[in-house]
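Using the sequences and the hints, build the whole thing.
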Amino acid sequence: MLDRFLKPYIVCFSVCLLPLLGIVIDMIFDNLGPDPIQALHIRLGDWSLRLLWLTLCVTPIQKMTQWRGMAQYRKLLGLYTFFYASLHVIVYLWLDQGLAWGAIATDIIESSYIWFGVSAFVIVLALAITTPKVMVKRLGRNWKKLHRNIYIASIAVIIHYYWQLKGNMAEPLFYLLILVLLLGFRLAVWFKNRKFTKMMIPTTRKIKVVKVDSSADQTLAGQSKTIVIEEVDTEAEI
Amino acid sequence: MIIKTHKSIPNSEITDPVVFKQRRQLIKAMLALGITGSAMYSDFSNASEAKWQNLPKGYQPKAALNATSADIVKNHTNYYEFSYNKTDSTALAQALPIDPWSVEIIGEVEKPGVYHLEDLLSQQTLQEYIYRFRCVEAWSMVVPWIGFPLASLLNKVRPLSTAQFVKFTTLLDPKSMPNQADSRLLEWPYVEGLRIDEAMHPLTILATGMYGEALPKQNGAPLRLVVPWKYGFKSIKAVVKIELLKRAPLSTWSKSAPNDYGFYANVNPEVPHPRWSQSSERVLGAGFFTPRRKTELFNGYADEVAALYSNMDLRHFF
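Read top to bottom, the protein sequences are chains A and B.
Read in order, the letters of the first sequence correspond to residues 1 to 238 in the numbering used here.
Read in order, the letters of the second sequence correspond to residues 1 to 318 in the numbering used here.
Rather than coming from a laboratory, the hints here were simulated on the basis of the structure.
For every residue, glycine included, the Cβ atom is placed at its ideal position computed from N, Cα and C.
Not one of these hints is a red herring.
To give a feel for the contact side, a few chain A residues facing chain B, derived at Cβ under 8 angstroms:
| id | residue |
| --- | --- |
| 1 | Q38 |
| 2 | L95 |
| 3 | G98 |
| 4 | A103 |
| 5 | T106 |
| 6 | D107 |
| 7 | E110 |
| 8 | S111 |
| 9 | S112 |
| 10 | W163 |
| 11 | Q164 |
Spelled out as structure tokens, the structure:
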């Protein structure tokens with residue numbers, strides 16, 4: 001039982017390491033092209049963006065398939081996002097800028113696209129730090145509020161990507177389109193729930209109180225819908 | 001004569017071609033030993049160009065000691081007519097027909113006309129110019145160009161006193177330049193411009209070769225402008241038209257993004273691009289642990305060209 005439960009998780013864990021392996025192999029064989037540091041930097045950034053997008057895919061997939069137990073994958077992908085983003089930042093600070101803090105300060109102050117990268121990284125860092133169960137317990141209700149900042153991080157990331165380019169926007173537009181779908185899904189759910197809550201909850205409650213015995217079917221129907229709504233709210237979203 | 005500025009480019013910043021070659025040999029040896037099954041290192045399909053025939057006597061390819069590795073320069077080009085990817089344009093540009101080539105010189109000149117490239121070159125003495133090349137994207141390299149001063153060409157066609165600006169135009173050929181047919185990112189053909197005193201400056205050259213060989217197609221063959229104190233996009237490739245004008249032409253990037261790219265585009269660490277810093281640059285070929293280089297005003301050519309802009313606010317005229 002445990003075996004069956006762990007296998008896909010281990011596969012997912014390993015697959016997430018493959019991009020890093022590819023990058024390291026290209027580094028060893030001097031296959032990063034004429035500007036290797038930038039290539040390294042950009043490839044790590046690309047993968048942290050892709051993993052963030054994958055992280056954001058988990059909740060919609062879970063909702064649509066009703067498949068339970070995906071929270072661990074969301075956590076795994078979220079932590080990998082942080083992992084690749086950290087490598088991206090380390091390459092910038094260490095290889096690209098040579099830890100020259102004055103130059104780094106000038107570069108960040110003068111480069112508005114980096115502001116968005118920094119914002120996204122600070123958010124992802126905060127989310128990574130608050131991943132352990134101890135932190136989830138300690139933060140209580142605020143944990144969910146904090147982790148909703150992933151949406152802000154994703155928007156900052158797409159601006160960070162878009163603003164550094166000179167002309168060709170095909171790739172950032174592709175990722176923007178996917179992000180619009182991912183965030184649009186949540187917006188649609190939120191709107192639906194708000195409408196639902198306004199319409200349904202007072203009537204269901206009335207039914208609960210008045211017709212508990214007389215029409216059990218209706219009550220159940222109402223309750224199950226209410227549960228669905230509550231699930232949306234209580235689900236820890238990353 | 002080799003024109004060099006007083007500040008020679010320190011060798012420490014440049015890939016030693018010997019090291020570069022050794023590294024390649026090592027990789028090839030590893031491949032031969034079967035350490036890897038497939039060719040991990042893609043040797044870019046860049047068939048070596050024929051040695052340049054018209055070099056002046058006494059030419060020595062000393063540049064190879066100082067310049068960025070030719071492999072990097074040949075495979076790292078922003079040639080948007082072919083591709084938005086710096087490596088892909090190497091292969092794509094090979095489709096460009098460059099022989100025969102003619103250049104139209106018109107506008108405020110005594111002798112306008114369409115000139116065959118051979119005729120233009122036969123009047124010029126080719127020299128080597130080792131220049132630092134700084135891209136607006138904050139990377140740089142050192143290229144040993146072969147060419148001649150633009151001034152010496154302009155003097156042959158005799159600019160009128162009314163000529164205040166020079167406009168350059170790249171070939172328009174959607175059949176061989178795919179993005180001219182498919183992409184509206186920029187308005188084609190590509191156009192650049194210089195003030196007449198910038199155009200007449202001895203550092204401003206038209207290049208027909210580099211590294212002792214004919215200019216590769218992806219680097220702007222058969223004729224490109226090189227203005228070493230300005231960002232790379234000013235150094236227009238595959239020039240087919242040179243117009244002398246009374247008024248400033250609107251360059252392609254200025255038209256596309258007027259707040260990002262000005263007419264002058266002088267290299268200046270104090271004036272950032274609206275979205276990124278220009279304070280430093282990555283020197284290509286410098287190795288993983290070499291820090292970025294501090295960008296110099298006018299790309300290090302301030303002594304030669306600062307007088308051209310003595311009364312100008314460089315933040316305004318960026």
